[in-house]
Amino acid sequence: MATFSDTAVLVIIAAVKIAVILGVLLTAIAYTTWLERKVVAHIQARWGPYLVGPHGLLQPLADGAKFILKEDILPAEADKFIYWLAPFLGFVLAFLSIAVIPFGEGFTLFGRQIRFEITDLNVGLLFVFAVTSLGVYSIALAGWSSNSKYPLFGGLRSSAQMISYELSLGLAVIGAIMCAGTLSLRGIVDAQSGFWHIHGVNTWVPHWYVFVQPIGFFVYFTSAIAETNRVPFDLPEGETELVGGFHTEYSSMKFAMFFMSEYANMVTVSCLATILFFGGWHGPRFGPQILQIFLPVFWFCLKVFCFLFFYIWMRGTLPRFRYDQLMSLGWKFLLPLGLLNILLTSFLIALRG
Amino acid sequence: MTLLFYIFAAVAVLAALNMVLQRTPVYSALSLIVVLCSLAVVYLLLGADFMAVIQVIVYAGAIMVLFVFVIMLLNAGHERPSHRSRLVRWLGAPIIFALFFELLVVIWDQFPPTSAAPPAHLDGSPRAIGTLLFHNYVLPFEVTSILILVAVLGAVVLAKKEF
Amino acid sequence: MVPLSHYLALSVILFVLGAAGFIFRRNIITVFMCIELMLNAVNLAFMAFSRFLGNLDGQIFVFFVIVVAAAEAAVGLAIIIALHRNRESLNIEDVDAMKM
Numbered sequence: 006m007a008t009f010s011d012t013a014v015l016v017i018i019a020a021v022k023i024a025v026i027l028g029v030l031l032t033a034i035a036y037t038t039w040l041e042r043k044v045v046a047h048i049q050a051r052w053g054p055y056l057v058g059p060h061g062l063l064q065p066l067a068d069g070a071k072f073i074l075k076e077d078i079l080p081a082e083a084d085k086f087i088y089w090l091a092p093f094l095g096f097v098l099a100f101l102s103i104a105v106i107p108f109g110e111g112f113t114l115f116g117r118q119i120r121f122e123i124t125d126l127n128v129g130l131l132f133v134f135a136v137t138s139l140g141v142y143s144i145a146l147a148g149w150s151s152n153s154k155y156p157l158f159g160g161l162r163s164s165a166q167m168i169s170y171e172l173s174l175g176l177a178v179i180g181a182i183m184c185a186g187t188l189s190l191r192g193i194v195d196a197q198s199g200f201w202h203i204h205g206v207n208t209w210v211p212h213w214y215v216f217v218q219p220i221g222f223f224v225y226f227t228s229a230i231a232e233t234n235r236v237p238f239d240l241p242e243g244e245t246e247l248v249g250g251f252h253t254e255y256s257s258m259k260f261a262m263f264f265m266s267e268y269a270n271m272v273t274v275s276c277l278a279t280i281l282f283f284g285g286w287h288g289p290r291f292g293p294q295i296l297q298i299f300l301p302v303f304w305f306c307l308k309v310f311c312f313l314f315f316y317i318w319m320r321g322t323l324p325r326f327r328y329d330q331l332m333s334l335g336w337k338f339l340l341p342l343g344l345l346n347i348l349l350t351s352f353l354i355a356l357r358g
Numbered sequence: 698m699t700l701l702f703y704i705f706a707a708v709a710v711l712a713a714l715n716m717v718l719q720r721t722p723v724y725s726a727l728s729l730i731v732v733l734c735s736l737a738v739v740y741l742l743l744g745a746d747f748m749a750v751i752q753v754i755v756y757a758g759a760i761m762v763l764f765v766f767v768i769m770l771l772n773a774g775h776e777r778p779s780h781r782s783r784l785v786r787w788l789g790a791p792i793i794f795a796l797f798f799e800l801l802v803v804i805w806d807q808f809p810p811t812s813a814a815p816p817a818h819l820d821g822s823p824r825a826i827g828t829l830l831f832h833n834y835v836l837p838f839e840v841t842s843i844l845i846l847v848a849v850l851g852a853v854v855l856a857k858k859e860f
Numbered sequence: 115m116v117p118l119s120h121y122l123a124l125s126v127i128l129f130v131l132g133a134a135g136f137i138f139r140r141n142i143i144t145v146f147m148c149i150e151l152m153l154n155a156v157n158l159a160f161m162a163f164s165r166f167l168g169n170l171d172g173q174i175f176v177f178f179v180i181v182v183a184a185a186e187a188a189v190g191l192a193i194i195i196a197l198h199r200n201r202e203s204l205n206i207e208d209v210d211a212m213k214m
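Chains as they are written, first to last, in the working numbering: chain A, 6 to 358; chain B, 698 to 860; chain C, 115 to 214.
It is worth saying that the hints were derived from the structure and are not from the lab. Ideal Cβ positions, reconstructed from N, Cα and C, are used throughout, including at glycine. Hints are supplied without guarantee of correctness; some may be wrong.
[Unchecked claim] Computed footprint of chain B on chain A, listed as stretches where at least three residues anywhere in the stretch have a Cβ under 8 Å from a Cβ of chain B: (1) 53-65; (2) 125-134.
[Claimed, not checked] The calculated DMTMM-like cross-link candidates involving lysine to aspartate or glutamate, where the alpha carbons are at most 25 Å apart (straight line), are: (3) B:Lys-857 / A:Asp-329; (4) B:Lys-858 / A:Asp-329; (5) A:Lys-22 / A:Glu-267; (6) A:Lys-154 / A:Asp-84; (7) A:Lys-154 / C:Glu-202.
Just chain A, same shape as in the assembly:
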């Protein structure tokens, strides 16, 4: 039985980790909105925000202040409890899945091993999927509780889209899990260290699963974009561009919560993509001890940033899918492709013995 001081130290370490990771995540979300506006603006040959602070870097602060100060409208016929519950539920769930994501190797402090993650479950990947499947409720309930036509249809369509793409999301990662042999996220990253060896010869290609699971990566990333309701799959959100889909009737802080949970989901999915397919924090290591501790975190953040940039790039470039095209893509193309990937991967693994 652990002593009281042991437990107290564990709790303090966990609290510090949570505070740091939450702080970093919230800042990352705020500046992803800035990045999105800047990148989409430059793709469309205009400037984007540049008035507030140098290059518009203080724009997220201005947006935050705007959201807090706006009037909070409650529709008369809306179901009050669920109308209030939906954005908070989405917000909490979006930030919950960050609890199992490892950011780097870790270091030893006063004889205690401290890792760059809040916790590591041995079913960590399934935990992220569990939180994602609960996130469907926030959108469905938001659409229903607004007691109005457009939000209801937007909410139902969005939920149907999310549960359809959850399937292909789950199937796509099974290939990577089979290669790694574990569901723990840290275990999957650890299995991707080093380089690929063909017949004992060291090709200097990193041991990342994207090289053996290209189909899996493609299915995963496409499903992830659909899962987070981003362009080109954001029809439920930008219906006719005049009415906002499930968050039509929401204003100020509650709308900001939907906004933030969408970006948090994007960050989570990008983190998962790097962990599952791009080797997590593995990268060149050099330099003094302190640099060696933070370099893996830097590589991880760099890879996640590449994925976020790719998300934003797609938003600026691609047109929107129609709803029936979206659903048939998920069910008739990605799902069979994911199954095919599982078959191929298991066959090849069984062949190798």
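Add chains B and C to chain A, keeping to what the hints say.
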């Protein structure tokens, strides 16, 4: 650990009570989701981490989504009070109470609290469950796949508007 | 350590609540949800026994119960949708055409 069990057991019972007593189906559905998630935590406390996550993903995250969808599509509002005879109430309540007390008495009799402690560790990991599922229980696994296929076909056919 | 009888008592309470809701509620969907509650109570009993007997088979049973519950929910809700389309009512007292 034991305190966690009692907390989540209380949450489950309160949510189940709320589910049975609410007049609006959406609130009942949300209460049922709370019950399912607290049961998942209880499974976790029993050392079954894979089944706990499966409970959340499949039951709370897929089956209940289906329920919530249907409630929203059919616009099930408030439930009107019954206009049937009081026979159901007068006959049903004693039966429910009898069932409840009988089950409690059986449990108290068969499993006194002072019985032996549970075995040290039950491996509820995905690997253990997968091994058991694909070695001993392959036949039920394949049969349930066919069952799901039949259910999908049945649901599509039953809910279609016209042929 | 929580004794087995406490887990079973929780299972019994949930089961009886589900049975009570099944008998007394009028809305079809709520009745269906009470059935799901009863299934979950049984799942909990299976899990508790699996732990206290040291046998993993109980958890496999729970797995199959969850899968079958999913199939049953899909078909049952499809039937409810078809029923609503025909009768415009979700009250089980209106579905008594075969009663004597």
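Here's how the hints hold up against the structure:
| no. | hint | result |
| --- | --- | --- |
| 1 | 53-65 | violated (count 0) |
| 2 | 125-134 | holds (count 6) |
| 3 | B:Lys-857 / A:Asp-329 | holds, 17 Å |
| 4 | B:Lys-858 / A:Asp-329 | holds, 18 Å |
| 5 | A:Lys-22 / A:Glu-267 | holds, 23 Å |
| 6 | A:Lys-154 / A:Asp-84 | holds, 14 Å |
| 7 | A:Lys-154 / C:Glu-202 | holds, 20 Å |
Against the hints set out earlier in the document, a violation occurs for number 1 only.
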